[in-house]
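Please build the complex by placing chain B on the supplied structure of chain A, with the hints as guidance.
Those protein sequence lines, which keep their order, are chains A and B.
Under this note's numbering, the first residue of the first sequence carries the number 1, and numbering increases by one thereafter.
Under this note's numbering, the first residue of the second sequence carries the number 1001, and numbering increases by one thereafter.
In case anyone wonders, no lab produced these hints; they're calculated from the structure.
Quick caveat, the model's predicted, so the values are computed rather than measured.
Worth double-checking, as some hints may not be accurate.
[To be verified] Simulated DEER-style distance windows between Cβ atoms:
id : chain 1 : residue 1 : chain 2 : residue 2 : range
1  : A       : 50        : B       : 1023      : 34 to 40 Å
2  : B       : 1182      : A       : 20        : 24 to 30 Å
3  : B       : 1094      : A       : 50        : 42 to 48 Å
4  : B       : 1128      : A       : 257       : 31 to 37 Å
5  : A       : 105       : B       : 1025      : 30 to 36 Å
6  : B       : 1115      : A       : 49        : 30 to 36 Å
7  : A       : 105       : B       : 1006      : 48 to 54 Å
8  : B       : 1182      : A       : 132       : 22 to 28 Å
9  : A       : 211       : B       : 1115      : 30 to 36 Å
10 : A       : 49        : B       : 1023      : 33 to 39 Å
11 : A       : 105       : B       : 1049      : 56 to 62 Å
12 : B       : 1259      : A       : 83        : 29 to 35 Å
13 : A       : 2         : B       : 1025      : 16 to 22 Å
14 : A       : 38        : B       : 1101      : 34 to 40 Å
[Stated by the list, open to error] If you want the footprint, here are the derived chain B segments under chain A, 3+ residues with CB under 8 Å:
id : region
15 : 1018-1031
16 : 1039-1051
17 : 1175-1185
18 : 1190-1198
Glycine included, every Cβ here is placed at the ideal spot set by N, Cα and C.
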Amino acid sequence: MKRYVKIYILFIRLNYRRASLHMGNFMTGLFGNVAWGIFSILAIYILSARSTSIFGWSREELFVLAGTYNILVGGSFRMLFARNFENMINLIRLGGLDGVLLKPLNSQFGVSTGHLSIYSMARIVLSVIYVFIVMSIAGIEIGIINIVSFLIFGFFGLIALYAFWFIIMSFIIWFPDLYNIDEIPYSTDNLARYPPQILWAMKMFIFLFAFPVSLVVSTPTKALIDKLTLFDAGLLIAVALGLLFVSSKFWKFSLRNYTSASS
Amino acid sequence: MNKYFLVGKNLVSEIFTYRLNFVMWRVRMILSLLTIYFLWSALIPEGRELFGYTNSSILTYIILVHLTYSFVVASRSYAVGEDIIQGNLSNFLLKPFNYFTYLFSKDVGDKFMNISLTVIELSILFVILKPPIFIQTDLLLLLLTALSILSGIGIMFFIYVLLGSIGFWSQEVWAPRFIFFTIILNFFTGFLFPLDILPKPIFDFIQFLPFSYLLYFPVKIYLGQMAIDQILMGTSISLFWVVVFHLLLKKVWTKGLQIYGAYGR
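Looking at chain A on its own, in the form it has when it is part of the complex (with noise of 0.2 Å):
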């Protein structure tokens, strides 16, 4: 375990030092990536301009919503392992998997944890004082406990997350063509920033599909405003594990099938 910190703890620095070589696509991803916050925050304020609630959620609620999403999925998630996922099409259609394979290392790490988009701490940065100045205006109070909480569970949506898209991901090693299979995942995750009924309404097998999706953002906001119910925790704490020991043993299944781009 100590040995992955420190592994962790170098490909931070490396991430960094890059990020400070190509300062020009660094600034041009900050803007971009911050941009989208702000816009998908505005969408938000648009659509429920004349609606005090919708799926059950207030306006407030919803403003706290779109920013946690903000924090979770389009900070954390894409800083973290948003690129690794993209990068390992082309890992495993061009053979470079097999580089993974031989480190003394375990694969699913080495394939997922890599690259880190730093420009997306803006983000994350920006959406907290966001998330802090919407609850403050809108007179919810936060404590500490609601802050610790939603540490957890934004933890445990992150595991979700990160599991959904290395399942899906892992097809990549059956269908090596299948270049834009990363479309499924991120279509999937923007789902995350509208309440998770929207997604109970659709009533098809999307549901049964994006059902882990709707839960990574919505949880730790529940925790965060002091919705949230012993079921919806330990709902998402079940569905977490769950994901990560399915995508563990998913991408060792998968690795059987695994011939190298040349054989």
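The following block gives chain B in isolation, referenced to the frame of chain A:
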């Protein structure tokens, strides 16, 4: 002309070869449609009116925007930037055909496939969701809708190529494209919500920009929710942008070719 037809036909064959990739793209579009559809269903339940829209009029709008998206936005011209950066443009410059016509022929193939799939998807969704349907019977409005879609296709094509032309000066073509696709397409074209729900000064301002003529304008004409003077005004602005973008592209392309290096070739 035959060679350009072949380019479009080849694109269709390419899509059939990598059909699962195309399906992935369509799944993304369906998810996006369903999300917006159910969000609006919740915002405006049956029997209620919001922003001047009833449940049926907003759902019709959402579905028609989705269909218009396949006509106007579906394109392969976004690859111009990569062609320039990787030096592939040289291959086209040396061949006896017009690069822009080549790009447009590919776009036609792509639009054909996207429209076909959208019609199939919407037919399935109509059976499942039974949404309200509005069939426009006024021939003049149908003609004006077709004209506005054509000018939207023109605007979109020029924007794609202009964004790609950044590749002449910078390796970083991803960010402007990302900003355009995620922010402008979602918020200024009427994809996520009808633009007339915005505060009037913002709506009036947006009407002078080219983006509202990509999705919002054609759909509103089709729905018969615009007076004839508004349609004429909008069509003029839209055609104005087609001309402006055309002239701008000519200038940018000439300048770009002067510094084009095709490194490593």
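Here's how the hints hold up against the structure:
1. Checked against the hint of 34 to 40 Å, the pair residue 50 (chain A) and residue 1023 (chain B) passes, with Cβ atoms roughly 38 Å apart.
2. The hinted window of 24 to 30 Å between residue 1182 (chain B) and residue 20 (chain A) holds, with their beta carbons roughly 26 Å apart.
3. Range check, residue 1094 (chain B) to residue 50 (chain A): about 58 Å between beta-carbon atoms, so the 42 to 48 Å window is missed.
4. A C-beta distance of roughly 35 Å is found between residue 1128 (chain B) and residue 257 (chain A), which places it inside the suggested range of 31 to 37 Å.
5. The supplied range of 30 to 36 Å is met by residue 105 (chain A) and residue 1025 (chain B), whose beta-carbon atoms lie about 34 Å from each other.
6. A beta carbon spacing of about 33 Å between residue 1115 (chain B) and residue 49 (chain A) agrees with the range 30 to 36 Å that was offered as a hint.
7. Taking the beta carbon of each, residue 105 (chain A) and residue 1006 (chain B) are about 49 Å apart, inside 48 to 54 Å as hinted.
8. For residue 1182 (chain B) and residue 132 (chain A), the Cβ-Cβ distance of about 26 Å falls inside the hinted range of 22 to 28 Å, so the restraint holds.
9. As the Cβ distance of residue 211 (chain A) to residue 1115 (chain B) is approximately 32 Å, the hint placing it in 30 to 36 Å holds.
10. Under the hint 33 to 39 Å, the C-beta atoms of residue 49 (chain A) and residue 1023 (chain B), about 36 Å apart, fit the expected range.
11. In this structure the supplied range 56 to 62 Å holds for residue 105 (chain A) paired with residue 1049 (chain B), their Cβ-Cβ distance being about 59 Å.
12. Between residue 1259 (chain B) and residue 83 (chain A) the CB atoms are about 31 Å apart, so this pair conforms to the stated range of 29 to 35 Å.
13. As the Cβ distance of residue 2 (chain A) to residue 1025 (chain B) is approximately 43 Å, the hint placing it in 16 to 22 Å is violated.
14. The supplied range of 34 to 40 Å is met by residue 38 (chain A) and residue 1101 (chain B), whose beta-carbon atoms lie about 39 Å from each other.
15. By the rule of at least three residues with a Cβ nearer than 8 Å to a Cβ of chain A, the coverage given for the region 1018-1031 of chain B holds, with 8 such residues.
16. With 6 residues bearing a CB less than 8 Å from a CB of chain A, the region 1039-1051 of chain B meets the requirement of three and the coverage assertion stands.
17. Using a Cβ-Cβ cut-off of 8 Å, 6 residues of the region 1175-1185 of chain B lie near chain A, which meets the minimum of three, so the contact claim holds.
18. With 4 residues carrying a beta carbon less than 8 Å from a beta carbon of chain A, the region 1190-1198 of chain B meets the three-residue requirement, and the given coverage holds.
Violation of the numbered hints given earlier is confined to hints 3 and 13; the remaining hints are satisfied by the structure.
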